[in-house]
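Chain by chain, the residues:
Number of protein chains: 4
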Amino acid sequence: MELIKEGDYILIRFKEKRYLKKVESDKNFSYKGGILHYKELIGKPFGITIGDLQIFKPTLEEIILYGIKRETQIIYPKDTFYIAKKLNLSEGKVILEFGTGSGAATMVFSSCVGSSGKVYTFEREERIFKVAKRNLTKFGFTSNVEMFNEPFNPEKVKGIKFDAAFVDVREPYPYVEDVWKVLKPSAPVGFLLPTANQVQELLKVLRPLFGDIEIMEILTRYYKANPERFRPEDTMIGHTAYLLFAKKLSK
Amino acid sequence: MELIKEGDYILIRFKEKRYLKKVESDKNFSYKGGILHYKELIGKPFGITIGDLQIFKPTLEEIILYGIKRETQIIYPKDTFYIAKKLNLSEGKVILEFGTGSGAATMVFSSCVGSSGKVYTFEREERIFKVAKRNLTKFGFTSNVEMFNEPFNPEKVKGIKFDAAFVDVREPYPYVEDVWKVLKPSAPVGFLLPTANQVQELLKVLRPLFGDIEIMEILTRYYKANPERFRPEDTMIGHTAYLLFAKKLSK
Amino acid sequence: MELIKEGDYILIRFKEKRYLKKVESDKNFSYKGGILHYKELIGKPFGITIGDLQIFKPTLEEIILYGIKRETQIIYPKDTFYIAKKLNLSEGKVILEFGTGSGAATMVFSSCVGSSGKVYTFEREERIFKVAKRNLTKFGFTSNVEMFNEPFNPEKVKGIKFDAAFVDVREPYPYVEDVWKVLKPSAPVGFLLPTANQVQELLKVLRPLFGDIEIMEILTRYYKANPERFRPEDTMIGHTAYLLFAKKLSK
Amino acid sequence: MELIKEGDYILIRFKEKRYLKKVESDKNFSYKGGILHYKELIGKPFGITIGDLQIFKPTLEEIILYGIKRETQIIYPKDTFYIAKKLNLSEGKVILEFGTGSGAATMVFSSCVGSSGKVYTFEREERIFKVAKRNLTKFGFTSNVEMFNEPFNPEKVKGIKFDAAFVDVREPYPYVEDVWKVLKPSAPVGFLLPTANQVQELLKVLRPLFGDIEIMEILTRYYKANPERFRPEDTMIGHTAYLLFAKKLSK
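Chains as they are written, first to last, in my numbering: chain A, 40 to 290; chain B, 40 to 290; chain C, 40 to 290; chain D, 40 to 290.
Hint data in this document are derived by calculation from the structure and do not stem from the laboratory. Heads up, a few of these hints could be off.
[To be verified] Derived contacts from chain D toward chain C, CB cut-off under 8 Å, selection only:
| hint | residue |
| --- | --- |
| 1 | P84 |
| 2 | T88 |
| 3 | E100 |
| 4 | P116 |
| 5 | F120 |
| 6 | N127 |
| 7 | V147 |
| 8 | S150 |
| 9 | G153 |
| 10 | S154 |
| 11 | S225 |
| 12 | Q239 |
| 13 | G250 |
| 14 | D251 |
| 15 | L258 |
| 16 | S289 |
Computed from a prediction, not measured in an experiment: that's the story for all the values here. All C-beta atoms in this analysis are idealised placements derived from N, C-alpha and C, irrespective of residue type, glycine included.
Next comes chain A alone, as it looks inside the complex:
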């Protein structure tokens, strides 16, 4: 059985809050009600309860939500989980992504394609690129990810035919033809677009090159875990982005 050891990441659940922390034996976690010295955890199993705290092994979703540094608006797991499978990602697939942003989607794609697959990701802004690089390194997503600090540049991936592409940049329109060129026939592409205007604009340029277009939003509605007073949470995330999916047409 795997036990908590020095350097592990842990998810602390305290009442309704969650915290992602690193186990460092000379450090501690203070919360309203006490202090947890991380060294107490070493050698204990994940899943233990210590007073009001529950200590878990973090999932990919929790690494993204509570662990990574964000320089841009994060892409929520509700969206990336759906995007990854909608792009038909599985073991061994090769995917193109731009822009990298904080690397949240990159992590999900990396997790989906596995050690025999590959993620190529481009980010033009140096500051954001560095944050993404740190996030991916910190949580061990580097072995199947190749990062480029520039706008999408087909020259850098010459000869590769991609199984899928994911585009999350403010102005995706000029890249549509280049994406088409590097994809395998029938391969899916996904776009993340915060505004209706972007969807309208993209649709105009997409049509001749991509078919089977689908546009949707994913809404997640959380409930209070109280069996005597079961009801949805009072507030919810109202909008993150429109998702647009299409497949490469052959000419």
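Chain A is fixed; fit chains B, C and D onto it per the hints.
Leaving out everything else, chains B, C and D in the frame of chain A:
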């Protein structure tokens, strides 16, 4: 470049409809407006347009939505894609599932854990078990899936410590302790529950054994792909199921 | 106590369906399971149960949903009920509406302003105008409604300062200034707009003349009335229209 | 034309915020960017713009959202507007309400039934009753509202046959029969219920006395009023309450 060949599955998009078909050179697809002889497709690339038809290589989502035989209410990809990643599935993970149902979730889990992972799935009803078996066989999901035609039986998976579990049966309450026993510490479990009553009932028995409980619904809102008249579809799926996730507490 | 009499409108609820019918003693209602002769109802109280049928006095919502003839896309009560009160309608208010459409919103406005208020409504298409006129006459909404079979024409309401206005036409943009002129200072205006493009277009011309702009959609989620299996309905209306409200700015 | 005068209530819109204030010539409104002396407004029309501020005449919705004192969870206008018309309220109708709460629904009902109608409302808690009384008095909703500081007591409304009833108390179950007795045949009743458990419980006792049961939630999705970046607001209200409507069956 991969070309369409005898025996391939194809996704035909005709206007707003999609059809999943098998390429058999002596058969054809009739639609309002014409007939497609499948033999015309052989040797052509996926992604081609033939008159009003677009021919694509089907994705996992399309296999589930348009290709599998359903004996039970299907679990929608919007839910299974989210469930699979929420359960932290990735290359090499070993997951327990019951009941198998039509095998839709099984396919998604199989795709997520890859060739080095494994899905153990139980289905008590023989009729449903057979349909699931046929579906999984037909679309090639058998190499990392082990199927049992009985209710969840811990004896059959003795010695295995699971990375995750997914439960989709009408009365999951009696199985909670057995699931707890076969999971690794801190491992996530997911439940799919169509009614509020099931959530309320499950919450009552879950608490001592599982922590970090989350309950939610996933809603997908589709839009018409018309840039001049952009708006949501007139109708939408209003409810499939409540999803409940939790993590094993260590005693 | 009011009893059912010849010529009354009734709402018949049969299983999950509702029917709005007129009591005519020589006619009957056939349904899967039997025949109801309307003359049996005369002299009975509303609210009675006859076999599988329940007989109620129709509400305004039911007149709109099940009683009126529709030549255009109907405006749903979920929207009109909200619009009417958002426009601050109450006893004695005077409201401008165009286009009339099937008269569904007109009925709600008429009901809100009462006998001392007034609804002025314009409909350019003769065919639709006639249907609306018949609907309003049939259900008794004529005493406080004045109808015009032409596009909105300020000459026809000369001298009137309106408490509110409601606009439901495909191209509302050219009317914005005329609406501004006939409203009282600070008076609310509402627009019903099926597409995002219309909202975007309208916003561009609205700004100099109207303030306190709000845009929203109303979504209604229905539940199955089963206490043992409580859950939302499987399908729901995904979209009717965007609603835009604003208030007249004084110059 | 109506001009702003001493003692009037005004709605101030400043950027994305709204404030409901009373015009008192010796007072002022300070905001980030300046001070508005209310005396400047006197004699000016509603709807004027003063620097970054827009000054409107408040609507009923704004009185409820920004003007009334709240001792309890407020009922949102999105819900009360719908409830009022779903209960078929119009000029001259007589409605029973309990509990009064902050009086928000009472105001809407009062506005709907007009000067020839009547609202009878019961509130058991003295503290809440006093707040509601002050709210209704302050904004002029007293002429057609009769208030009782006690639990619903049929003795107090003896001889009245109500056109509709609205119930918003934590435990409505014991009152179902009494409500049935005071309603006219076929008259609608509405219940506001924050939790699924309350709906399930109520359904069990409602069936023999009330028919045509409907249960729903109203969700309002707001959009940013930016034509160049049109999209929903980032957060939304996820849940206020389940609404249950039914109609009195005749025995």
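Identify every previously stated hint that the structure contradicts and give their numbers, smallest first. none
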